[in-house]
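Those protein sequence lines, which keep their order, are chains A and B.
Just so we're aligned: 148 in numbering that gives the first Met the number 0 is position 149 of the first sequence, and the numbers increase by one with no gaps anywhere.
Just so we're aligned: 354 in numbering that gives the first Met the number 0 is position 355 of the second sequence, and the numbers increase by one with no gaps anywhere.
It is worth saying that the hints were derived from the structure and are not from the lab.
Fair warning: there could be bad hints in the mix.
Identical chains share a label here; the pair holds if one copy fits it or two copies do between them.
[As the list claims (entries may be wrong)] Below, computed lysine-lysine pairings styled on DSBU-like, alpha-carbon distance capped at 35 Å:
(1) K302 - K227
(2) K19 - K257
(3) K257 - K227
(4) K257 - K275
(5) K41 - K257
(6) K302 - K226
(7) K41 - K275
(8) K302 - K41
(9) K226 - K271
Note that the structure is a prediction, hence the values are computed from the model and not measured.
2 protein chains.
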Amino acid sequence: MRDVAIIGCGMTKFGRLEGKDLMDILVEASLKAIEDAGVRDKEFDAVYVGNMMAGELVHQTAIASALVDRIALFPAAADRVENGPASGASAVKNGFLAVASGLADLVLVAGGEKMTSADTDVITDLVSTMTHPTAEYLHGVTLPALAAMLTRLYMERYGLTERHLAMVAVKNHANGLKNPYAHIQRAITIEGAMGSQLIADPIRLYYTCPISDGAAALVLCSADEAKKYCDTPVRIAGVGQATDVQSVHEREDPAVLKSVRLAARKAFEMAKLEPKDIDVVELHDAFEILEIVQSEDCGFFEKGKGHIAVEEGVTALDGELPINPSGGLKARGHPVGATGVAQIVELVWQLRGEAGERQVKGARRALACNFGGFGNNTVIHILERMD
Amino acid sequence: MRDVAIIGCGMTKFGRLEGKDLMDILVEASLKAIEDAGVRDKEFDAVYVGNMMAGELVHQTAIASALVDRIALFPAAADRVENGPASGASAVKNGFLAVASGLADLVLVAGGEKMTSADTDVITDLVSTMTHPTAEYLHGVTLPALAAMLTRLYMERYGLTERHLAMVAVKNHANGLKNPYAHIQRAITIEGAMGSQLIADPIRLYYTCPISDGAAALVLCSADEAKKYCDTPVRIAGVGQATDVQSVHEREDPAVLKSVRLAARKAFEMAKLEPKDIDVVELHDAFEILEIVQSEDCGFFEKGKGHIAVEEGVTALDGELPINPSGGLKARGHPVGATGVAQIVELVWQLRGEAGERQVKGARRALACNFGGFGNNTVIHILERMD
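All chains, please: the whole structure from these sequences, using the hints.
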């Protein structure tokens, strides 16, 4: 298996991008990544697009072929990859495989979603179509409802309080304020968060991510070739993906995100690294409770102690293990198909030392966790600066 | 790059499968493939599902994770791959890459679509969402319209007549009659076909495929391991995928399917084979004109002579180069996400000598062409019997 490197990345600002359609933003992110890699004159072998709901939301299918057409990357192979909200990381993984296998030398991976044109009810329903069709969806289970139940369980079992959720939100908003690509660039307070509208008890508006438009893109090539294009290539050192039981109530322990544990284990084994080797992390905080639980199940903190790490500032930008320097899904936003790619774009910037005001000093190794379904399909990438 | 083999395959009957939903048929095909490979007790590393429109048609997303859940293949990685009507072959290609790279040892690839519950108008519209959104879709361009224009061009330029389309249909119906999995198992006559309803002049009902439900599945492993599981494994000797300009009217020559030519060239180069080495072929005859044009652009016949080969019986089941022994999309049916996988299932059966009444004698090498968009993204696989 060939080593694979990221040699270019780019993204659109996330937010309510009026006047731009899904293809416009995929094009914008892709051209930035290609420009960044300095490969405008090279022939791409393959294009992968991570996207969850183009057909449902913008009535367009086969968008990977359409992206090739818009930026004239013919005759590159092109596929769209869908894995719910982990579609982005699944696209990255398949781009990785194309290069790792030797079938492709130069690959573009883009992720994008255009969501803000639809009503919130429509989005809530469409996102719920990834739950179990008869055991969950049919009974009106939504993602906020599942997150609320997980939060309640954490409160009862581990002493998590609502204030901990607010702390994560405050931290991620503070980070987002330093990220020009973030959807929400506004500081919030603990009191403000705890006074916000109740969505699904005990989850309030500020403990969940907004609905966003946005796209992000990466250029991949073999690690051997990477130095030709890029002074500071970033190697994809580990890739792990794992599935779990779909219905949350049928899992052995609903407080354990087993797919996160197994995906992390695979990624760490492949990278020959351990959690203590990681300098900076992007987790999938579609709900703030998820940042806490994933931080444990990735192996960074003991089970039931993730909220203590937040309380102690360990996960703050200047802490021992900064989590979501980008602002996370909470502040950067969550255009579902874009998120997994955007997490990796942020980490590449961090590892290259290009993250500006939100730079984690001296970061050399990073982990991204993209979470599909309500945790029944997780994709984790471990990245390492190559020099 | 490791050599990859197919060690198991299965499919549902294609047709109007009432009382079975999309997941039911994906499960049925997958379990048959797993049973056929004799790997029920093995751990799968990855699952790929080819599907074009689950969200739009059956209001379910993340169906690869759902399939893992239904047949308990945890913790296998799972992704859905979408590439319009070439979603099936794109899923096979990505499954191939997972094994070829060495990241996965045992992979399930399934393709499926549940279409007959929707009205024909809805299907025609949804399929059209893969055309260019502003240059084609907005103006009411549908796939039958594009096929009609290609047919007219072939009539003017190469002397194709309507009778040639009828001949392809008669041949494929005759083959389908010998295929217990085919949607339509009925012999037709030239006169019957030429008297059928006009859909988009000069295309009549019998020159186009039906709307079908169905699923097909394959089990892949490394070629080195294949003999452990299977007496007659089939090697994936060549994989080629290529894109072309999306708007048909903007192509250099609309009568040339450039993506087919380039995908075929890549696949033949990788397999170190030539068109004359191929014994049996499955082409993507969503419209009968496409079988003729693809048979030329794959390199089997000179440009403009494909219809002569049909006339001379070369492509018949007992001809020199049997095309669509399964009945093709015309008679087997075209559940879009399933088609690319079903083509390969048919060819594996042919190469193993298990195709019953429709067996092509002594077939050792085969080619499958799965056609996405109106030819702007083609995926070609070349298969070879391993013993």
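Hints, verified against the model:
no.	hint	result
1	K302 - K227	neither (43 Å within a copy, 42 Å between copies)
2	K19 - K257	between (38 Å within a copy, 31 Å between copies)
3	K257 - K227	between (40 Å within a copy, 32 Å between copies)
4	K257 - K275	within (20 Å within a copy, 51 Å between copies)
5	K41 - K257	between (41 Å within a copy, 20 Å between copies)
6	K302 - K226	neither (40 Å within a copy, 44 Å between copies)
7	K41 - K275	between (38 Å within a copy, 33 Å between copies)
8	K302 - K41	between (47 Å within a copy, 31 Å between copies)
9	K226 - K271	both (23 Å within a copy, 32 Å between copies)
Hint check: violations occur at hints 1, 6; the rest are consistent with the structure.
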